[in-house]
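Engineer: Below are the chains, spelled out letter by letter.
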Amino acid sequence: MQNLLMLAAEEDPEGIELILPAVDELVWGTITFVVVAWVLMRVALPKIREAIEARERAIQEAKEGADRGRAEAQKVLEEYKEQLAEARSEANKILEEARQSAEQVRKDLIAKAEQDAQQVIERAQGQIEAERTRTLDEVRAQVRDLAVVVAEKVVGESLDRKTQTKLVDQYIEQVGSMNGGSNN
Amino acid sequence: MATDELVHGYAEALFKVVQAEGDVDRVEDELYRFGKLLESNHELKQVLSDQSIDHSQRVKVVEELLGDKVSPHTQGLVTFIVAQDRARQLPQILEEVSKLAAEARQHVLAEVRSATPLDDDQRRRLADALSKATGKKVEVKVLVDPSLIGGIHAKIGDTVIDGSVKHRLEQLKEKVRG
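Note that the protein sequences, when read in sequence, are chains A and G.
Following our numbering, the numbering of the first sequence begins with 222 at its first residue and continues without gaps.
Following our numbering, the numbering of the second sequence begins with 447 at its first residue and continues without gaps.
Okay, chain A solo, but in the shape it has when bound:
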C-alpha cells in the first residue's frame, strides 16, 4: 500500500500529499492508537467485562429468584389446590354424614311418631272398648233392675185378695210337707 501511495506520490505528488498523512503522523497515530488500545484493553475492557458479568449475574440471580418464586408459587398453588381438594373432600364427607344423620333422624322421628300414633290408637281403642263394655254393663244392669221393678209393680198390682189367700195356702202346704225344718 505504501508502495501504491509512493507510486501515486511519484505520479501526482501534490494530490497524494493532500490525502496521505505524514509518516510521522502515521507513526504517532499508530503509537497513540496502540497505547489507547492497550489502555482500553487493560483498563476499560476489564471494567466493562466486570460490569457486564455483574449485570449477567444480577440477571441470572433475578432469573433464578424469579424461578424460585415461580416454583414456590407453584408449590403453594399445589398445596392450596391439595388443601382445597381436601377441604372439599372433607366438606363432602361432612355433608354426606350430615345427610345420613339427618336421614337417620328423619327415619327415627317417623318411626317414633308411628309408634306413638299406634300407642295412642291402641290406648284409645282400649278406652273405647272399656267404655263400651262399661256402658253395656250399666245398661244391662239398669234393664235388669228396671225389669225387676216392673215385675214387682206388676206382681204387686195383680195380687188380689184371692191370690194372696192362695199364696198363704200354698206356703202352709209347702211348710207342712217339710220334715225336721229347712230353709226355703
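Think of the hints as simulated: they come from the structure by calculation, not from any bench.
All C-beta atoms in this analysis are idealised placements derived from N, C-alpha and C, irrespective of residue type, glycine included.
Hints may contain errors.
[As the list claims (entries may be wrong)] A few chain G positions that, by computed beta-carbon distances, are all more than 10 Å from chain A:
{"id": "1", "residue": "Arg479"}
{"id": "2", "residue": "Glu485"}
{"id": "3", "residue": "Ser486"}
{"id": "4", "residue": "His488"}
{"id": "5", "residue": "Val507"}
{"id": "6", "residue": "Asp514"}
{"id": "7", "residue": "Arg534"}
{"id": "8", "residue": "Asp574"}
{"id": "9", "residue": "Lys583"}
{"id": "10", "residue": "Lys587"}
[Said to hold, decoys possible] Think about it this way: if two alpha-carbon atoms lie no more than 35 Å apart in a straight line, the pair counts; the simulated DSBU-like pairs of lysine-lysine are:
{"id": "11", "chain 1": "A", "residue 1": "Lys314", "chain 2": "A", "residue 2": "Lys302"}
{"id": "12", "chain 1": "A", "residue 1": "Lys387", "chain 2": "G", "residue 2": "Lys506"}
{"id": "13", "chain 1": "G", "residue 1": "Lys582", "chain 2": "A", "residue 2": "Lys383"}
{"id": "14", "chain 1": "G", "residue 1": "Lys619", "chain 2": "A", "residue 2": "Lys383"}
{"id": "15", "chain 1": "G", "residue 1": "Lys545", "chain 2": "A", "residue 2": "Lys383"}
{"id": "16", "chain 1": "G", "residue 1": "Lys601", "chain 2": "G", "residue 2": "Lys583"}
{"id": "17", "chain 1": "G", "residue 1": "Lys621", "chain 2": "A", "residue 2": "Lys374"}
{"id": "18", "chain 1": "G", "residue 1": "Lys583", "chain 2": "A", "residue 2": "Lys387"}
{"id": "19", "chain 1": "G", "residue 1": "Lys491", "chain 2": "A", "residue 2": "Lys374"}
{"id": "20", "chain 1": "A", "residue 1": "Lys387", "chain 2": "G", "residue 2": "Lys462"}
{"id": "21", "chain 1": "G", "residue 1": "Lys587", "chain 2": "A", "residue 2": "Lys387"}
{"id": "22", "chain 1": "G", "residue 1": "Lys506", "chain 2": "A", "residue 2": "Lys374"}
[What the hints assert, rightly or not] Derived coverage of chain A by chain G (criterion: at least 3 residues anywhere in the stretch with Cβ under 8 Å from a Cβ of chain G; other residues may be distant):
{"id": "23", "stretch": "364-374"}
{"id": "24", "stretch": "378-384"}
{"id": "25", "stretch": "391-398"}
Using the hints, position chain G against chain A.
Structural biologist: Same frame as chain A, now just chain G:
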C-alpha cells in the same frame, strides 16, 4: 253386765210380773207388738232412748202412744223399762218375754210376717205346718208387712222359711244379675 244377760234379766222380771198379774196372753202379745213397732220405728226408739230428755217426758210419750189401747199392765211395764233408761234394749227385752211365755207353754215362738192379715184358720194351719216342719210346738206371732207384696216369711229361732213374693223377686233379681 253383758247385753244378753241384761235383756234376759229384764225379760224374766217382766214375764214374772205378767204371770203374777194374769191375762198373760194379751199382755205378752201387746208387749211383743209394741217391741216390733219400736224395732221398725227408729225415730220413736231414739226419742225414748234419749237421756237428754227428762224421764217424765219420755214416760208421757209412752202414755200418749199406748193410752187406753193396751192393758194397764202393758203400759206400766213399758213405762218401767223406759224409766230405767233401757228403751234401746226394749225390742229385744219384749221379744224375749214372748219367747219365755212360749217356753212356759212348752212352745217355740215363730215370728210370721204376712203381706195380708191372716184369719184364725190360716193361723192355726200355719202353726200346725210349722210345728210339723220343725218338730216342735210352734206358736205364731203374725205381723202384717205389706213390703212382702205377697206370701209369708217365718222365723223360728235361727231358722227362716221365706215364701214371700218379695223374696222370690229378690232371687229373680240375683239370678238375672248372674
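Engineer: Hint by hint, note whether the structure agrees.
Structural biologist: Verification of the hints:
no., hint, verdict
1, Arg479, "holds, 20 Å"
2, Glu485, "holds, 22 Å"
3, Ser486, "holds, 20 Å"
4, His488, "holds, 24 Å"
5, Val507, "holds, 34 Å"
6, Asp514, "holds, 32 Å"
7, Arg534, "holds, 30 Å"
8, Asp574, "violated, 7 Å"
9, Lys583, "holds, 13 Å"
10, Lys587, "holds, 16 Å"
11, A:Lys314 / A:Lys302, "holds, 18 Å"
12, A:Lys387 / G:Lys506, "violated, 44 Å"
13, G:Lys582 / A:Lys383, "holds, 30 Å"
14, G:Lys619 / A:Lys383, "holds, 26 Å"
15, G:Lys545 / A:Lys383, "holds, 33 Å"
16, G:Lys601 / G:Lys583, "holds, 14 Å"
17, G:Lys621 / A:Lys374, "holds, 19 Å"
18, G:Lys583 / A:Lys387, "holds, 25 Å"
19, G:Lys491 / A:Lys374, "holds, 32 Å"
20, A:Lys387 / G:Lys462, "violated, 41 Å"
21, G:Lys587 / A:Lys387, "holds, 20 Å"
22, G:Lys506 / A:Lys374, "violated, 41 Å"
23, 364-374, "holds (count 6)"
24, 378-384, "holds (count 3)"
25, 391-398, "holds (count 7)"
Going down the numbered hints, you'll see the structure goes against 8, 12, 20 and 22, while the others check out.
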